[in-house]
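**Student:** Residue-level listing of the chains:
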Amino acid sequence: MAVSEIHGDVRTEEFLLNMGPQHPSTHGVLRVVIRTDGEIVLEATSHVGYLHRCFEKCAENVTYKQVVPYTDRMDYLAAMHNNVAFSLGAERLLEWEEFIPRRTKIIRTLLCELQRIASHLMSLGTYGLDLGAITFFLHCFRERERILDLFEEICGQRLNYSYVIPGGFAYPWPDSINDKIRDFCVFFEERIDEYNQLLSTNGIFIERTRDIGVVPAELAINYGCTGPMLRGSGLRRDLRFDQPYLIYDELIEQKVFKMIVAGDQSYGFDWNVGVLGDCWSRYMIRALELEESRKVVLHCLDLLEKEPVDSHDLIKQARRAYKAKKGQESYVRVENPRGELGYYIVSDGKANPYRVRARGPSFNNLSILSDISEGSMVADLCAIIGSIDIVLGEVDR
Amino acid sequence: MNLLGLDTNLVLNGLAASAYESAPGVMKLMEPVIEALHNATDIAPETLAPWVAIILPLICILILMGPIITIFPMFAIWLERKVSAHMQSRLGPMEVGWHGFLQTVADGVKLLAKEDIIPKVADKALFILGPILAFTGIFVLVAVLPFGPYLSVTDMHLGIIFIAAVGSLEVIGVLMAGWASNNKWSLFGTMRLATQLVSYEIPLGLCLLTGVLVAGSFQLGAFNGQWEVARYVKLDGEGKETNEFITAKEVNDYRAAQETLARDTYRADLNLAVSNYTRDSLATPKFVLTSGAVESWKDLFHKPVKGYKQADGTVIPVADYMKATNDLGLRGEELEFALKKKYGKVEEVPYGFFSARKLYSLNGVEKPMDEVRNLVAKKTAEFKEKESEEKRVEAVLSTSLKKKFGSIRSIGKQSGQSGFIWNWFMFRNPFMIFVLIIFFTAGLAENKRAPFDLPEAESELVSGFHTEYSGMRFSIFFLAEYIAMFITSLLCAVIFCGGWNTGLDIEGWLFVVDDPIIGNGSQMAARLLGWGDGETWRLLGYVAIGHGTLMIKTLFFVFVQMWLRWTLPRVRLDHVMDLCLKVLLPFSLAGVVLVACWELATAIYPILDYGRILFFGIGAALFLGWAGWFWTSFQAPLQSSIEERTWDTAVKTEGSSLNWLKAQIGLPAFLKSDGKTENGGQS
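So the protein sequences, as listed, match chains F and A. All you need for this note's numbering is the position in the first sequence, starting with 1, plus 170. One point on numbering: in this note's numbering, the residue at position 117 of the second sequence is 97, and numbering is uninterrupted.
Rather than coming from a laboratory, the hints here were simulated on the basis of the structure. As the structure is a computational prediction, the values presented were derived from the model and not from experiment. Any given hint could turn out to be false.
Derived, one-sided and incomplete: chain F residues facing chain A with beta-carbon distance under 7 angstroms [what the hints assert, rightly or not]:
| hint | residue |
| --- | --- |
| 1 | L187 |
| 2 | C228 |
| 3 | L301 |
| 4 | L308 |
| 5 | I374 |
| 6 | R378 |
Distance condition first, Cα-Cα at most 20 angstroms in a straight line; then the derived SDA-like pairs of lysine to any residue [stated by the list, open to error]:
| hint | chain 1 | residue 1 | chain 2 | residue 2 |
| --- | --- | --- | --- | --- |
| 7 | A | K383 | A | A236 |
| 8 | A | K164 | F | Q498 |
| 9 | A | K164 | F | E213 |
| 10 | A | K320 | A | D300 |
| 11 | A | K164 | F | G208 |
| 12 | A | K164 | A | I97 |
| 13 | A | K164 | F | E209 |
| 14 | A | K366 | A | R243 |
| 15 | A | K164 | F | T215 |
All C-beta atoms, glycine included, are put in the ideal place defined by N, C-alpha and C.
All chains should be built: construct the whole structure from the sequences, respecting the hints.
**Tutor:** Quick look at the structure:
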């Protein structure tokens, strides 16, 4: 320990702390080595790789359909997005895009947004837990549980769904679920108000998060941050709007939902509580996106009811072969709750992909940690890591 | 009996005397117990008394402190679970036992059965000493706390100072624990805790000081106060009040003097009768009792006299002295005068406790105590049958008071926080209510409770200073926290919220007033119901209602602490220090100055005291306004008006908040407007 500074007669020493890999606030097996001066963090270095499972290598040895369960384990809090992203990639690679029926797209959109609500609930809840608000965490989990119940009814799984596969779904869509989802959405509207009253507008919470871990827009771009990290810095970037996939272009046209960007006064929300790009902005983006996703889910349910099952589509789907042309490649990206999730797939004409490369938002977002945590306090470090909202399964792959 | 070279009798005697002195209330409560024991076992009460006097304080300590150490934390942990579960819609704490009551027991068993780990690199001595010191620092405080009227182990005169002094012992224990753990995260927690505790003690102490200023005493018992008679008003022939007043002091002094006189003459008569009788019955040599007044065993207990020491140092044996007393045949002041004339000024020489009781002797001839006692008891009962002491005193008082003052009626006055609710120190002046808030906040920080639980912040430091502790050692920190919580709440109740007074002004006429004419409520009730003289009921009722009231108030503050814990996020360290040094400290300092000024001003100009009515009137109006606004804000949800809805849910969502509320309060199904929309959120 080197003598760092001398305040008057008091000699202070630097303190080397090992945060993680087993630490409640690192959201998994992240290890952050912190050099502190008292409570002030001088340097925070993140070490990743404790959960590395060779996903990309494994994917080379199985068929396109068999890759899907591997993608579940990446961002296990938003497994549906992973499934959808990989399936879209595989479909583009296999040139199946034109055969995908509209009803499938609607359901996929619905699932994505439902999953976004679940993932954001988890993110917000654990963020509350990081800052000591345990009740808020459990309230969020209570509603997330209901979404997981819905997913369980849809595909029999609560976490790793493997429901969306290239070409369609692993199981047929149970129409009886529509009303339950609608019930949930109605019930959930009240809950969003409750969250805002309980935590978002809490004085202590705002004091803990405003002006903490500020990410300037330029820095965010340089580090390749995406999702709420980027929009929290006031940058308008959301793949659902910028590169619409599934039926998002239609939803945008009908103005079903809006992009939430920090500092966007048109939303009718007072962003001046925080500083652009701080933890509070990022938190608030997620909190507001709950409502937007809820609207999309409701709209999708309406569309779904008008879109009956076309048996012709099913036959077309069943005839196709799981083989791409040699040398074919595709890169498809979707907006997952944490940002841009992309799959780059290369084929050599066989039944399994030649190379799969995943671009996850958590890894890029995490890389900014040491830059924004310098000079903050140890307690703030927990707040910052929580606001980045990483999933170590995806960071380490 | 000689134990370890000590005269056991002397030790017992001393302990008994100190028990009587330190907790007279409790001992008074236990007198019936001694009587009952005597009746049941036929052991002489004077043999029983010192033992009871020693064992009873221990029992009292167990009764008072035992629950605090065991039952209260268990109850509090259960309550904490229930509070949190209700707030978080969890069913977990319903599993074990009735409403999860046995969960805490199971927890206790688990903690006891767990392996007690001391890390290899830990400083073993400090590691063991840490929790003990931390716990002791908190637990010793229980000794001076009042749990109700008469219910305190010792109502120390400097109780507040004691609390401030001993309460800070905890810091050392925790510092030891954190340092000895040899863990960087523990060290972090420890340093946070030391900073926090040391800082928050300042506003806490200042808030205690404001309480002292208002109460005019450092004694916690004095904070609660009593209803007492202020003065008397004379009544005319028709029983109507006139304009003539007599001060309470005058009446009380006269009354006390008359009472003493009446009692003295009664006892002297009794004594004489008993002495003569025993002397006659025991035949020669003439026999007198060693202890003077022998009207009951209590007197034997209080006056163990061996002899009388004269000014020149010679000791007259008590027997000689009593013989002389008997021979003189005088009583009262005349007797005293005659004795003084004969012996000069004498000083009592105390006796060893038991040795004085075994035998009575005169002129070298000894008689067994039993024999003497039987004679005494027989004659005493005979004498009392004719005329009891109370009756004599009552008769003397009623005639002499009436003779001196005519018919009078008492006018009451409250001291401390007794009487109506506005006598609580919280409302005594406009500042105390803010002092209470400061005190509660600082207490919360002292207890390391959320939102000030940084020293053990589980999401930052895992567990802070007790990370390395396991099993019972860990639970000792836990117990200390819950006891500290209890103490803070109790102090809030005692210092600011009326202590054991209900705020309805019923204690005064029920239990306390000793009006010469009507007595008090409980005595009247006892007389009407035929439950004896009412003295026992007065005491028991006063203690029971006082204790219950105080516990309810305490539990309210305990609940608020839990409520805050499960609602608020954690505050950051620099914010904690800012709050303490920039907000609480200056405000509590201002509180001390303002309260002192207010007390002084109202003492000089009592009319100023009505200023607080104006103040609290405005306060109440503001509060009602705020509550109304708060209620209406509930009616209109935050976000519903931002965007028009895409799905036509107007019918379902318009009344949904109301429906949700209905679902919460459990209306019957046919009253619910739409069963589909509300699921209540309880899974």
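**Student:** Decide, hint by hint, whether the structure agrees.
**Tutor:** Evaluated hints:
With 7 angstroms as the threshold, the beta carbon of F/L187 comes within range of chain A, its nearest partner Cβ sitting at about 6 angstroms, so the hint holds. Here the hint on F/C228 is broken, as its CB sits about 34 angstroms from the closest CB of chain A, past 7 angstroms. Evaluation of the F/L301 hint against chain A yields a held restraint, the C-beta minimum of about 4 angstroms falling below 7 angstroms. Here the hint on F/L308 is kept, as its CB sits about 4 angstroms from the closest CB of chain A, short of 7 angstroms.
With a least beta-carbon distance of about 5 angstroms to chain A, the hint placing F/I374 at the interface is held under the 7 angstroms criterion. Interface hint at F/R378: satisfied, since its Cβ lies 6 angstroms from the closest Cβ of chain A, which is below the 7 angstroms cut-off. Annotation: proposed proximity of A/K383 to A/A236 holds, straight-line Cα distance about 15 angstroms (limit 20 angstroms). For the hint pairing A/K164 with F/Q498, the CA-to-CA distance comes to about 54 angstroms; that exceeds 20 angstroms, so the pair is violated.
Annotation: proposed proximity of A/K164 to F/E213 holds, straight-line Cα distance about 17 angstroms (limit 20 angstroms). Restraint check for A/K320 and A/D300: the C-alpha separation of about 14 angstroms stays at or below 20 angstroms, so the hint holds. A hinted pair counts as satisfied when its Cα atoms are at most 20 angstroms apart, and A/K164 with F/G208 qualifies at roughly 11 angstroms. Only pairs whose Cα atoms come within 20 angstroms are accepted, and A/K164 paired with A/I97 is accepted, the gap being roughly 18 angstroms.
For a cut-off of 20 angstroms, the pair hint linking A/K164 to F/E209 stands: about 12 angstroms separates their Cα positions. A threshold of 20 angstroms between alpha carbons decides the hint, and for A/K366 with A/R243 the separation of about 16 angstroms falls inside it, so the pair holds. At roughly 18 angstroms between alpha-carbon atoms, A/K164 and F/T215 fall within 20 angstroms of each other, so this suggested pair holds.
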